[in-house]
Amino acid sequence: MKKTLAIGTLIFLFCGFAAAQIAVNPTGVNVNSQNPTSVFLTFGPIPAGYSPAEAQWCGSISPAPPPAIGNRCAPGTIYGTLPARLNISASSGNAGFTDIMGIPSSVVRRAYQAAAGGGDSGFFYVRRFVSASGGPDQFVAVTCRMAGGGARVPFALTNVELETGNPEQIVFVKKGGPLPNITANIKYNGTGRLRGRWEVVQPGEDDPEPRDLLTEASIPVEQRPLQRRYTEIARFSHFLPPVGEFKLELEAGKSLSAVAEGRYLILLRIEAVDDKESSSNLASVGVGNGTVRSGAVASFPMPVFKFFVVGNVAGWGKTGDLVQTNAPIPGANGSPLFAWPAHMDAESYRISVSNFAGEVVFSAITPKGVLSYTAPSWFWQKFDGQKLKWKVTAFDPEGNQLAESSPKDLLRGI
Amino acid sequence: MTGTRESLVPVVILFPGAKTMKRKHLLNAILLALGCIATAVAAAPVSMDELAAALEKTEVAPKEAISLKLSRAIAPQDGRVALMIGSMDVTAFVAVEDETVRYDANRFPIDAGSHDVSLYLVDANGAWTLVSQETLVVAAAIDDGQQMPDENSNAFTTEFTPNVSLNLKSRNEILTFPTDSAPERNPATDLAGQGTININVTKKDFSFRSQFDLAGSSFRQEALRFGDLADRAPLIDLSSYLIEIGKGRFKANLGHVSFGTNRHLLSGFSSRGATVQLPIGKQNEFTIAAVNGTAVVGFGNFLGITKRRHNLLATTFAREFYKDSPGELRIELTAMSGSLLPLSNLNQGEINDAEKSLGGGVRIAGFLAKQKLRYEAGFSRSRFTNPSDPLLEQEDEIVPVRTETKNAYYAEISYDILNDIEIGGGKKLKTTGTVRFEEIAPLFRSIGAFSQADRRRLQFEITGNIGGAGFGFGNLGERDNLANIPSILKTRTRRNNFLFNIPFGSMFSQEKPSIWLPVVSYNFDLTHQYGIALPDGGLFTDPSQVPDQKSYSQNFNAQWTFGEKYGAGFTHTRSFQDNRQPGRENADLATASNTFTFSLRPIERLNLDLDFSRERQKNFETARIDRNFRLGTRGTLRLPYLKNSVLNGGLSFALAGDDLDLNDTRNGEFDLQYSYNFSFGEQKFKKLSGQFFIRYANRYGDSIDRQFLINTLTKSQAFNAGLTINLF
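Protein sequence lines, in the order shown, are assigned to chains A and B. Residue 0 is where the first sequence starts when you use numbering that gives the first Met the number 0, and the numbers rise one by one after that. Residue 0 is where the second sequence starts when you use numbering that gives the first Met the number 0, and the numbers rise one by one after that.
It should be emphasised that the hints constitute simulated quantities derived from the structure, not laboratory data. It cannot be assumed that every hint is accurate.
[To be verified] Every beta carbon over 12 Å from chain A, so not counted as near; a handful from chain B, in silico:
(1) G112
(2) S336
(3) L345
(4) E403
(5) A482
(6) R637
[Claimed, not checked] Per the computed footprint, the stretches of chain B lying under chain A, defined by three or more beta-carbons under 8 Å from a beta-carbon of chain A, are:
(7) 81-89
(8) 178-191
(9) 252-263
(10) 440-450
(11) 643-651
Treat the numbers as computed from the prediction; the structure is a model and nothing was measured. A virtual CB, placed ideally from N, CA and C, is assigned to each residue, including glycine.
One chain only, chain A, in its complex shape (with noise of 0.2 Å):
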């Protein structure tokens, strides 16, 4: 009797334990076999009194010791821990745990390393969950496939930078100059539509959260409406092909009036999009109805680009910078069509051309309202063959400078 006792008991805890297993979805995923990768997963069901704890990466994986439950990184494999920078996970919904996987490079490079000595490519992302009622650890893994970075690997940013075409991080603009043009230059993997939304942060507004910074995607499902919202000055919609480099830019100076003095941040807000890659499938999990779209994923904060605008700004290298729109092109003569965007306030432009030794060998001067400019018909007659600069200014209505490009190559049938 007491020997049935006993089985029966251990039959009971072992289904308990079984049925509190904690699962993982996506199971699998390619993962770029040179760069970072970015993966949305949704563990669950979470059983109450359990916590995540790290999560490893590692080339072999091993059941673990009992009473702990599921596989675990096999000792001398391990590639690295998922470290705090990159770990934004949160509890989501019903009982479950929403984690970006951020891969460094050096990870893939212990596992491309490990490959090219004729080991195995693949490895293994594993997530220790802990209770703290005394109840065993639990080891959840994901395989990693290491591939190409694009088609087929889920699609997610891993490196987004903001920038002008100035050395500075932070610019100065004189109120009713131009605005600084800006550009994303974004790595991604996988391939998909990237699709979001440029906001203002104007002056006297209350800054967003790290948490609002996040893409759409890598945050609960349930949390994303709660996203702390700005003024919008500007929507896009790329597609990505699978190429792994984008540049996204905002011509700030068309869609924001920045009229009141003070700082500025421009918020780069990026939207969760159908990606069949990086889909989460809750049901399959057990937290919920569906699958949650993950596409544009990311372990980190989309950057904010900070910008002053102020009353006076001292003349030289200031951005308020005109941004030459165009290179020049052929005009009606076979001579260079130099054309820049208007200046609020100019009352007059120059054009100046100079040779490799800086010295100023060509300029004209145009009124407001004249964007665009034809050299004479025998500018290149006379300087076919040398290596020649171009750039704008503007001047106010004193002649006073008001803003300039910054010089940029000029070609011949460029």
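On the provided structure of chain A, position chain B as indicated by the hints.
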């Protein structure tokens, strides 16, 4: 005599019947000499139906008008007049009345000294013909600050320009729903400020320039380095600075600098540090750079080179092989060494690592045949490793990373296949072909430039233009897993794109462009990426894990500009992702969007912008169609009855939903701002200006998700006000 300088080209007929080589050369030399004489004659100013011109005064003051007297009035068939003073085209500010051409030098005074004043006639095709050329002497200027800055001046100038702005900003209690979404400080009042100090000293080819930008706030969370230092962040901090000393081609920079032209090793690296550019003779140049590993702000690490294991040292030697033709053949040798901690630039987010690399590279660039053929090639070799990263290792015994030394190289060549070929109607055709090749070895990495390693690419490109219209076609082939590791997926990519840009308005008549015809651009991109086979091992178990995707995208854009007052635009985009591998046949996505934009300036003081966009996405696997709709408006009104006042604001709505009725999202926002600008004093250090603004913002968001049973409503409204004082 009629004719143009361009029409009198030297005609040299080589004598074909010479019996001996010596005689043939002699005759050819004579003919060549005659041709040169003809060219010289042609190059001289020609009489245009007795048209001649002479300066009314050959000596003037800097701001004095410059007048030329013509021998007769300009006839329509003459074309238009163009005037060059020295090397500056001042035509846009020239007035022609009867037989007088007059340049009012008041706005752009001419520098003191002697200048050639050249008058041209420009015909309908844009050809310039010299009519007269005389020397003008401009007396020394009395500098009242109005003279146009001269970039080649011999004058010694010193500038000291300080500027300080103080902003007092205040916000009332934000009303929010849910109430717990309100900010911690509610309401709030802060004092912020920005300052700039600018000192410039220039004299001919010597220059000393310095600029320091500072920013501060009484609210610690707005401090520039709050993200790094939290409560230790100084309230007033250095935003950026640059000190530049130059003499001729010698340049030394300290502050925020950017350098590097080696594509794979060190390319446009921007950070805080120092660079020195040393010319050696007229053809050689030596550049040394020492910078921080990432761009920084703040007074800390002022020089940019004091943070251990987070800096970069580099040097480049460059030689121009042709002194009189810079760029014809240039070689650059670059060496660099550095290491990075897992930190990011201020304006960057990334999945970072601790990294260390040492490398060298060579870059060759130049042109042949008067720039018709241009080329560039580069080779880099980098030794890279990942140093210890405690956050990644966390006391575990982890597999060490081996140091690897790898290569990357590229070459590209461009040739002007057709160069300014007349195709009638004054239009010229130009076509350029480009071939690029690039190979980056597996695990190649340098901390000075980003490269997608383990790639081999071959690319062809044809670009061209006809008149103002441009077109291009490109083809790219790429493969990865160059080491053929069997357990890693091997992928091939084929990409074709086509684009054109046509300014219809000026295409048919440059003299009188039509405002009704738009500038149209279109591009088409087709990419096919597929795996070669299911890898052997690597945890690949199913053919669906091997990609086979064909995707295309199209973008059509039309822009109309109706003078300075009205503009309109239309953009249509569509894309399609077609997955073809087993198990993914239906995992296709299609997207289409239409956007209309309008800009209006019905009166000088009012600007209005309106945009309307609609987007549709279809997921073929789930048979779900999502739609987004947005209407946005913005306006700026300079109030006519309140001087120096501006009213601006915007109203926008965004709606999103799907045909299965699983999700509905509505967002709306409205903001209105009034600002008033004031100033006192005119003198340089006695002037004071400022601004007062008040803004109201109201935002609303409602999201219902019937799939995940989520219903979220958010609302907020707030008043902000600010007072800014600008000193100096």
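Hints, verified against the model:
no., hint, result
1, G112, "holds, 14 Å"
2, S336, "holds, 19 Å"
3, L345, "violated, 4 Å"
4, E403, "violated, 8 Å"
5, A482, "violated, 6 Å"
6, R637, "violated, 10 Å"
7, 81-89, "holds (count 6)"
8, 178-191, "holds (count 5)"
9, 252-263, "holds (count 3)"
10, 440-450, "holds (count 4)"
11, 643-651, "holds (count 4)"
The earlier numbered hints that this structure contradicts are 3, 4, 5, 6.
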